[in-house]
Amino acid sequence: MNDIQRYFSQECFASNSGMKITEVSEGYAKAEMRIEKRHHNILGTVHGGAIFTLADMAFAAASNSYGTVAVAINADISFVKAAVEGTLYAEAKETSINPKISTYVVNITDDQGDTVAIFNGMTYRKKNKLQIPEK
Numbered sequence: 009m010n011d012i013q014r015y016f017s018q019e020c021f022a023s024n025s026g027m028k029i030t031e032v033s034e035g036y037a038k039a040e041m042r043i044e045k046r047h048h049n050i051l052g053t054v055h056g057g058a059i060f061t062l063a064d065m066a067f068a069a070a071s072n073s074y075g076t077v078a079v080a081i082n083a084d085i086s087f088v089k090a091a092v093e094g095t096l097y098a099e100a101k102e103t104s105i106n107p108k109i110s111t112y113v114v115n116i117t118d119d120q121g122d123t124v125a126i127f128n129g130m131t132y133r134k135k136n137k138l139q140i141p142e143k
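Each residue of the sequence shown is one higher than the one before, starting from 9 at the first, in the numbering used here.
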C-alpha cells in the first residue's frame, strides 16, 4: 500500500482538491474527501465533478495496485443522493481482470453510509511498471 500511496501522492488534481487514498490492496482501494465550500456547486451541494474525481482516484489506485500501469478507457457515474457536508468515501472493487482489460465498481457513500453515487470504470492494462518514487 505504501508504494501505491507514494505513487499517487504525485497526482496533483485530486490531492489539491483535498482527496486522499486511505487503503489499497490488489484490485481494491478506498479514498476520502472532507467536504469543503470549494466542493459545492451553485445549488450548495457537492459538485458532480468533485464526486467523479473522488471515485476516479479510488478507481485509479485499485486498477494500478498490481504495480503495472492501467489507464482508464471508459467510466460512467450515476448520482443517487445529494451531499452537502461531512466526508465522502469512495470504495473501489475489481469486478473482472484479464491481461489487457479490468473493470471496477466504485461506491461513493456519505458519513451515514448512504450511497451518493455509483461509478463504473474500465482500464486498459499496459505492460509498463509504475514508476514509484523513492522513499
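Treat the hints with care, since some could be wrong.
Derived DEER-like restraints, expressed as beta-carbon distance ranges [said to hold, decoys possible]:
{"#": "1", "residue 1": "137", "residue 2": "44", "range": "30 to 38 Å"}
{"#": "2", "residue 1": "140", "residue 2": "36", "range": "12 to 20 Å"}
{"#": "3", "residue 1": "95", "residue 2": "135", "range": "32 to 40 Å"}
{"#": "4", "residue 1": "109", "residue 2": "57", "range": "19 to 27 Å"}
{"#": "5", "residue 1": "25", "residue 2": "101", "range": "21 to 29 Å"}
{"#": "6", "residue 1": "50", "residue 2": "10", "range": "22 to 30 Å"}
{"#": "7", "residue 1": "24", "residue 2": "104", "range": "14 to 22 Å"}
If you're looking for bench data, these hints aren't it; they were derived computationally from the structure.
Glycine included, each C-beta is placed from N, C-alpha and C at the ideal position.
Evaluation of the provided hints:
1. 137 x 44: 30 to 38 Å: holds (35 Å)
2. 140 x 36: 12 to 20 Å: Since residue 140 and residue 36 have Cβ atoms about 18 Å apart, the given range 12 to 20 Å holds.
3. 95 x 135: 32 to 40 Å: This hint holds: roughly 37 Å between Cβ atoms.
4. 109 x 57: 19 to 27 Å: holds (26 Å)
5. 25 x 101: 21 to 29 Å: At 23 Å between Cβs, range holds.
6. 50 x 10: 22 to 30 Å: violated (39 Å)
7. 24 x 104: 14 to 22 Å: Given a distance of about 32 Å, which is not inside 14 to 22 Å, the answer is violated.
In summary, the structure is inconsistent with hints 6 and 7 from the numbered list given earlier, while agreeing with the others.
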